[in-house]
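S.K.: Protein sequences appear in the order of chains A and B. Numbered by the UniProt record's numbering, the letters in the first sequence go through residues 1 to 427 in order. Numbered by the UniProt record's numbering, the letters in the second sequence go through residues 1 to 427 in order.
There is no bait here: all hints are sound.
With a cut-off of at most 25 Å between alpha-carbon atoms, the simulated SDA-like pairs for lysine to any residue come out as follows: (1) Lys-17/B with Ala-78/A; (2) Lys-36/B with Glu-411/A; (3) Lys-97/B with Asp-130/B; (4) Lys-17/A with Ala-78/B; (5) Lys-416/A with Asn-365/B; (6) Lys-416/A with Lys-8/B; (7) Lys-8/B with Arg-412/A; (8) Lys-8/A with Glu-411/B; (9) Lys-333/B with Asp-80/A; (10) Lys-201/B with Glu-254/B; (11) Lys-89/B with Asn-321/A; (12) Lys-333/A with Ala-78/B; (13) Lys-36/B with Thr-415/A; (14) Lys-8/A with Gly-426/B; (15) Lys-201/A with Ser-155/A; (16) Lys-36/A with Glu-411/B; (17) Lys-416/B with Asn-374/A; (18) Lys-416/B with Arg-54/A.
These are computed hints drawn from the structure, not numbers from a lab.
Protein chains: 2
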Amino acid sequence: MIRIYNGKVLTLENGMKFLDGEVWVEDSRIAYAGEKVSGQYLSGLQWERSIDARGGLIMPGFKNAHTHSAMTFLRSHADDLPLLQWLNKQVFPWEAKLTPEDIYHLSKLAVMEYLTSGITANFDMYLTPDTIAQASRDCGFRTVLCGAMNDFSQSVEQMEEWYQRYNQPGSLISFQLGFHAEYTTSRENLRCVAALSSKYKAPVYTHSSEGQPEVLSCRERTGMTPTAYLDSLDLFQHGGGCFHCVHMETEDLEILKKRGVFVITNPASNLKLASGIAPVRQMMDMGIPLAIGTDGPASNNCLDMFREMFLVTGLSKYRENDASVTDADEVLKMATLGGAAAMGLADCDTLSEGKQADLILIDVNQPNMRPFHNLTKNLVYSGSKQNVRLAMVAGNILYEDGEFFIGEEPERIYTKAEEITERIFGS
Amino acid sequence: MIRIYNGKVLTLENGMKFLDGEVWVEDSRIAYAGEKVSGQYLSGLQWERSIDARGGLIMPGFKNAHTHSAMTFLRSHADDLPLLQWLNKQVFPWEAKLTPEDIYHLSKLAVMEYLTSGITANFDMYLTPDTIAQASRDCGFRTVLCGAMNDFSQSVEQMEEWYQRYNQPGSLISFQLGFHAEYTTSRENLRCVAALSSKYKAPVYTHSSEGQPEVLSCRERTGMTPTAYLDSLDLFQHGGGCFHCVHMETEDLEILKKRGVFVITNPASNLKLASGIAPVRQMMDMGIPLAIGTDGPASNNCLDMFREMFLVTGLSKYRENDASVTDADEVLKMATLGGAAAMGLADCDTLSEGKQADLILIDVNQPNMRPFHNLTKNLVYSGSKQNVRLAMVAGNILYEDGEFFIGEEPERIYTKAEEITERIFGS
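Chain A with its partners taken away, still in its complex shape:
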């Protein structure tokens, strides 16, 4: 067993309750998480490792509920362009040059960055699920694959095969049905996705209502908003999630609420592509479940849950012209519990006995975490990657004190990424 002691424990079982306590991990699971255990109960227990948290915060890892990991190859290459121009000129043509093996290496680079930001699971929508899954498995990282079907890549048949193959109990990898967006997927193909959802009673995930032109174009083609159009095709019959949701009518939000569809908000990407600011406060007030994603490194460009958390609260305050809305507690729940629920990771949400040991240790002996008025606010308003001392997935420590334990040397992963970009973009 691994013991992390002398910490503040936030199990998230009962809201924002911080206990002076400890966490025990046996194999891949939490064996104990709670108050300090007194000496008499510890005698006879064998510890594989005993880690002094030095007063640090032990809490569930962040869940990155929307990303395209392998787009690391485009970081700082495709910038400063409007969304559709960016997609058509700087993303799609270069993506066409990627091999499945490239995606393996580029995904690993992203996994490293997730770990530095305390992210212990990602919801990854990209071209070749098999090599994404392999990269995560080789790193010991948890990934929920998301179908990225559209008229040009991935078929419904492939999605069904992946759905069956990857949803095995006890695996680090799972799979959810998904398509890229209504504007890249024909009505016929969307009907096939709906049929698949019906067959497996499975939720469906997609990009939706990210930019104003996208919404206008959908209205022109279908007479409906993207949300209403997708709902009319029965895509949300078993729930699911929509990524972005920046430009939403109240009627759209009512559909999501009725269908139990998650909104996964991506504030940094929405700013950088000038897409807008999602009406997060209205969504919360209506009871729509929310989660947070970084989006891919081509649009964001970093994979940092701390930046996203600050943006969710800051942009919501700005949008509502009210500094009191969308507080730190609400945002921290989105980044953890909300993400787990959106991604179907019911076993990885709280630090509870028997759940998966997907946790992080936050160093509070850093100037940005002092004084201790309120740890949640310290995390959301002033926390940073620098505070992540340790990240554990399924009981394995993958990142600690700046070092990675992911089965491959960082330098080799960097070199691979540089070789791939060199090949694709030339020297």
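Starting from the known structure of chain A, fit chain B onto it as the hints suggest.
M.R.: Structure of chain B alone, referenced to chain A:
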């Protein structure tokens, strides 16, 4: 001499030119910054320390051009309130309980955080300049003190004394004339500041046009916007700077342009207090000089130039509904050259022979800095505190590999901060 070699050098002498090179530091100054020096020229030179940059970026430190350092005691205490309520209920009453010694310790906590973010100088407006100066001096940190005069604290006579005392050549500390804001300072007192500015041909700095209610109230009282009102009192006769400038008319910007007044933008604070988004693009197009500040930790709540840089570009893109505006190069210049110019630190702006050695070393062997398409974009769009490997002020390394060299143990500074907050807020 200290030698930092095997790096990418960004001197900022000629735009964004990255050299494969090295930097030499003798006492407090740059002895050399440029391309790699070949072996034959190195023989006979004595190095006090020789630091392998491991390919990292050696560049001028960031300048935090607006802050209230000692407000660390309010971090995560005064949140989620509108600006004026926040000031009147959560800031002013608690500040009244601070002693000058408290401000000494609380400022040190902020200095630590600046260093972790690669900030090598701050422009600090707060209650007791003497103990702020002492804190910075004891840490070896560079601080430009800013007068914070208003009708309740600091007098024009005190400001004049500080102006004379602190503007000595070769010191880490300097002083600029300033007042809190037009809404806390009577017309009579403002006239006295203008007279002082005239006497010393000195620029003047102040908060201005941060929130909409402030602008409306000024219009009601004076018939003018804050900018026009202050200009009518001759406060900008020798230039200076305005902090925030969120709610600005085109005529206001024309005044700033004409007077050569800097805008110091504080995007995170403006979001969190729901003040708004400054028209940074319009300011740039008009040729108004710009710098970036974190504002104090009570409003932000962290002191992180990376977060501010991303926000300057992201919010500008959002505000203009154009993803192509306000690119990374422009923002990086604001955070370095712009800040130095705004703060009167002409000797600390570029890495040039004879200038002050205020520099940072950015670790590029981190996942968020790969691949190497464009280092400026990597810094501004995906950089983080975690990438700051070393921060040097006036030739002294104050922060390296997560350790502080500021004359006092971090744990003692944390303990002091906790004791002070305990005393002020009770247990």
